[in-house]
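Chemist: Protein chains in written order, with the numbering used here: chain A, 15 to 320; chain B, 444 to 712; chain C, 8 to 314.
No wet-lab data here; the hints were simulated from the structure. Certain hints may be false.
[Stated by the list, open to error] Listed below are the simulated BS3-like cross-link pairs for lysine-lysine, each with C-alpha atoms no more than 25 Å apart in a straight line:
(1) C:K24 with B:K560
(2) A:K220 with B:K653
(3) B:K584 with B:K697
(4) B:K554 with B:K697
(5) B:K554 with B:K590
(6) B:K590 with B:K560
(7) A:K220 with A:K135
(8) B:K584 with B:K599
(9) B:K655 with A:K220
(10) B:K590 with B:K653
(11) A:K220 with C:K24
(12) B:K560 with B:K584
(13) B:K554 with A:K220
(14) B:K590 with B:K489
(15) B:K599 with B:K489
(16) B:K584 with A:K220
(17) B:K697 with B:K590
(18) B:K584 with B:K655
This structure is a prediction, so every number in the text was calculated from the model and none was measured.
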Amino acid sequence: MTLPAAISKRLATRRGRVLRECAIEFMLFLAASLSVFTTLAIVYILVSESVAFFRHVPVIDFLTDTQWTPLFDDAHFGIMVLVSGTLVSSIVALALAVPMGTIIAIYLSEFSTPGIREFAKPLLELLAGIPTIVYGYFALLFVTPILQWLIPSLPGFNLLSAGLVMGIMIVPTVASLSEDAMRAVPAALREGSYAMGATRLQTALKVVTPAAFSGIAAAYILGISRAVGETMILAVAAGMQPNLTWNPMEPAATITSYIVQVALGDLPHGSIGYQTIFAAGLTLMLITLMFNILGHMLRRRYRESY
Amino acid sequence: MEIARPEVQRFTGSADGAIKAAAGGLSFYYGAVNALRNINVPIHEKRVTALIGPSGCGKSTFLRCFNRMHDLYPGNRYEGEIRLFPDNTNLLAPEVDPIEVRMRIGMVFQKPNPFPKTIYENVAYGLRVRGERARRVIDDKVEQALKSAALWDEVKDRLQSLAFNLSGGQQQRLCIARCLATDPELLLFDEPTSALDPIATGSIEELIHKLKDRVTILIVTHNMQQAARVSDYTAYMYLGELVEFGRTDDIFVKPRDRRTEDYITGRMG
Amino acid sequence: MDAPRVREIRSVIARGKRWDVVFAIVGIVCLMIGLLTVAALFVDMAVKGLPRISLEFFTNFPSRRAESAGILSAWVGSTLVMVVTAVTAVPIGAAAGVYLEEYAPRNWMTDVIEINITNLAGVPSIVYGLLALGLFVYQFGLGQSVLAAGLTLALLILPVVIVATREAIRAIPAAMREGSYALGATQWQTVRYHILPYSMPGILTGVIIGLARAIGETAPIITIGALTFIAFLPSPPFQPEPPFLSFEWLFAPFTVMPIQMFNWTSRPEAAFQVNAAAAGFILVLMTLAMNGLAIWLRYRLRRNINW
């Protein structure tokens, strides 16, 4: 029994085809796994340079010293100095962005007409794309002068102005993501509340917001990540002097602006000064990671189950 | 005087009882779409009235006119009136506040939709919306409402656990308790058992049967057996119109309209 | 209901409605504050910067004298870096998206990749700068070059491209795939001739949003040590004599628009701040135009597609 020629020929090419399909799949897999390699590379670079750094500086000094003067003869490496700047500016930013973003989200999702929403949503997305260096310019040369007119004692570089502008920058992110989460709440839940005679605000605050909590928490966490990792606004407007302070009216360096400051100079590869920016970067990553894990736990706790 | 009315009826035992609400010349539009046409129907007090008809006939649309749910979405328009007695208020009048209407009329939805709160807070929701603050009053009403909804024994030990943890049938009874807590004058059911299994359906139907001593009920159902089991009156709707209305026994035994007969005997829909 | 009870209910409703109105006003005010602040930013930069914008501003190198300083090296540098970023990120991102949607088996490996992509999207951009400094600049010996910067930004926007690709592919109904398989097509043929073409507009949207973000990124590029004062251009990619093409520009030192703006903003002299405003104005116009295009594309797509 012989197969027709055409069929046997097709079967013969089958091997080649399977091979080619496998090769393509492998290439695509490589592209996808690049993200894993990126993460590994980030961890490797940060940790290996930090290990070299911690050979010179005990971890306990790094965490407890109250001075950060890595380039002085009398060098001190107290990371809390930079962490304080990062936290203060982030708190100022979030104190503005979280309430404002949430209110805008509730307004757009539950109160506004579809027309306003259709207009405001793309606009918010557009604002989220403005380069941060532009916000930095705005903080230093527009907001700080206004704040100085209100508070004459305010120095030209300060965490307050940088933090406020950072907050304005984060508002679209928080608002847009929270609004998405609220719109995803089923209409039946909303109608259930209205059918009980609730007003819009009661429905929004007592039913929609709790139901969308997991998505709103994700928006907050992203906002926190952006605030903690924000660089240029602080490098431009907050001054880059290391300063252990909890007062937003003072100038201070943050983890990120310190890295920029060092990178702008000319530190030799392998020097202790060079290694400090990796130790600072590692600290930044750990802080971000901490918030991400916290967010993950919150979301698991209040998972949507409507 | 108004308070005395129900007593009077109970004594007279009048077959048809008093009228709690009535739709008169009601038409409804979703934008340009005419969803309801000139509907006239009475709702008898402390009786169960069922709305039946094929999908898309407008029975849910009609039900949602009673608590002005259509006001939530732009472009909807009512014509005609729905009068609520004894005060003879036209529920659809523009000067009547939809929120006030909804406070007087409760609604249970197709799919159980408990709020993302504890069992206790779900039932207390309507009271809190009405500005009730006294803890003792709320405790009391929550317990009574859960008892009336035949749910108290199942949940009394876990009032502070989340409502989502209840089964589907329990959730639907919780939604009924949520309405009962505020003593509604009229209770609307929009296919309340369509998402439930037969056993849960049975317990809801039993509950409806018990509740009619207390409250007037209007129920939309696509299940004719259900209409026959639970209702005293039945309205058959078709293509946005009310085809026939009468005592359930009459409608199911000797329908006057050909279309009703076709639907009931399963030749249509 | 008896009369006192009705009055009580009505007063509760009136109170509730008053709060509704109060909140609606607060909502509008918040929205306005957000929008007006950004409008103020834009107007402030326009008023200060527009007088400086002229042809010379685009064709001059940076200079010690603010009046004759321009952004030639900056916009050329930005363009070259964007080319490297796009050429790297688009194929890799699209391939990764296709793999995850069409090929990836449901196992721990895939989970790891997916969690990774989500987490990478939240990593501060300056950390990418540190990665590039340690890896590209020193380990790979690329130095402070256009190539190093382009690759850094490519890594940065990769998650954006991957997510956009996946969303675009997910929007294609299963029937499309089955139709192709039913005709005897292999998996790759289905991807090549059906999945990719149909998802192209969605992928494009993601790419534009990613590039708009990359073009404004300052921190990672400063971190790798890009120079802020560059008064020359990389050698052009097209040469008059064979082989006509040159890739020397990939390894040239460079500056980009946001770094130029940062440099001018940090100068104490007011004249340079005018330059900063002008550069910022152009930068914002560029990113707004790119984002606007992407958002417009997306909304148009949503309206036009109904499978």
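Chemist: Provide an ascending list of the numbers of those earlier hints which the structure does not satisfy.
Modeler: The structure breaks hints 2, 3, 4, 9, 15 and 17; every other hint is satisfied.
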